[in-house]
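Here is what each chain is made of, one letter per residue.
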Amino acid sequence: DAMVIQNPRYQVTQFGKPVTLSCSQTLNHNVMYWYQQKSSQAPKLLFHYYDKDFNNEADTPDNFQSRRPNTSFCFLDIRSPGLGDAAMYLCATRGQGRQPQHFGDGTRLSIL
Amino acid sequence: AQSVTQPDIHITVSEGASLELRCNYSYGATPYLFWYVQSPGQGLQLLLKYFSGDTLVQGIKGFEAEFKRSQSSFNLRKPSVHWSDAAEYFCALGGSQGNLIFGKGTKLSVKP
Numbered sequence: 001d002a003m004v005i006q007n008p009r010y011q012v013t014q015f016g017k018p019v020t021l022s023c024s025q026t027l028n029h030n031v032m033y034w035y036q037q038k039s040s041q042a043p044k045l046l047f048h049y050y051d052k053d054f055n056n057e058a059d060t061p062d063n064f065q066s067r068r069p070n071t072s073f074c075f076l077d078i079r080s081p082g083l084g085d086a087a088m089y090l091c092a093t094r095g096q097g098r099q100p101q102h103f104g105d106g107t108r109l110s111i112l
Numbered sequence: 001a002q003s004v005t006q007p008d009i010h011i012t013v014s015e016g017a018s019l020e021l022r023c024n025y026s027y028g029a030t031p032y033l034f035w036y037v038q039s040p041g042q043g044l045q046l047l048l049k050y051f052s053g054d055t056l057v058q059g060i061k062g063f064e065a066e067f068k069r070s071q072s073s074f075n076l077r078k079p080s081v082h083w084s085d086a087a088e089y090f091c092a093l094g095g096s097q098g099n100l101i102f103g104k105g106t107k108l109s110v111k112p
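Chains as they are written, first to last, in my numbering: chain A, 1 to 112; chain B, 1 to 112.
If we strip away everything but chain A, and leave its shape as in the complex, we get (with noise of 0.2 Å):
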């Protein structure tokens, strides 16, 4: 089946220690994007690529950093991950038009 999927499903990292978490997709969507989720909160973006063309949102903060190497793949980097951080990060596709969003399952971020 054609989907999103997100690895790992769960990455612990130490404080400040740089981390990658890594979103592919198989429905050949070229927009991807990266949202932020904390607890009993609905999904932040942070950024979205339309093609190659990266897109940040305004508040989205230097420590986050994403990358697009092909159509299938986009990572999110984590430059000195703080005790704020922890989250749940989830990735999502699109394709052409005024079409849902189709989000993977996450990958929940604990920073010890």
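Just so you know, not all the hints are guaranteed correct.
When the alpha-carbon atoms are kept at most 30 Å apart in a straight line, the in silico DSSO-like pairs for lysine-lysine are as follows [unchecked claim]:
1) B:Lys49 / A:Lys38
2) B:Lys49 / B:Lys61
3) B:Lys104 / A:Lys44
Calculated from the structure, these hints are not laboratory results.
Given the coordinates of chain A, assemble chain B onto it according to the supplied hints.
Just chain B now, with coordinates in the frame of chain A:
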């Protein structure tokens, strides 16, 4: 301004009872509206979407939603709730840039 309001933070219903989750939106043009469900520790799953046409939209898992332009509402309904429906439900508005504007979510608990 584009916004989504889900007035109920938490709802508890008995198994077998009917369910209605409320959603109101603010948008200047014809809205694209979605309902997503999120089980604990999982990503968001699309239940249904409204783009245009028939104002009563059928979704997966026995859910339906009715778009009412006069009330700026898109309420989610299910005639008979199952224990497996316990989850968080998010109403979302498709923004003009293809982004999603989420409500704060409604947590559904189901009593035996």
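Here is how each hint holds up against the structure:
This hinted pair checks out: Lys49 of chain B and Lys38 of chain A have alpha carbons roughly 25 Å apart, not beyond 30 Å. Pair hint Lys49 of chain B plus Lys61 of chain B holds up; C-alpha atoms about 14 Å apart against a cutoff of 30 Å. Between Lys104 of chain B and Lys44 of chain A the alpha-carbon distance is near 11 Å, which keeps this suggested pair within the 30 Å criterion.
Consistency with the previously given hints is maintained throughout, with no hint failing.
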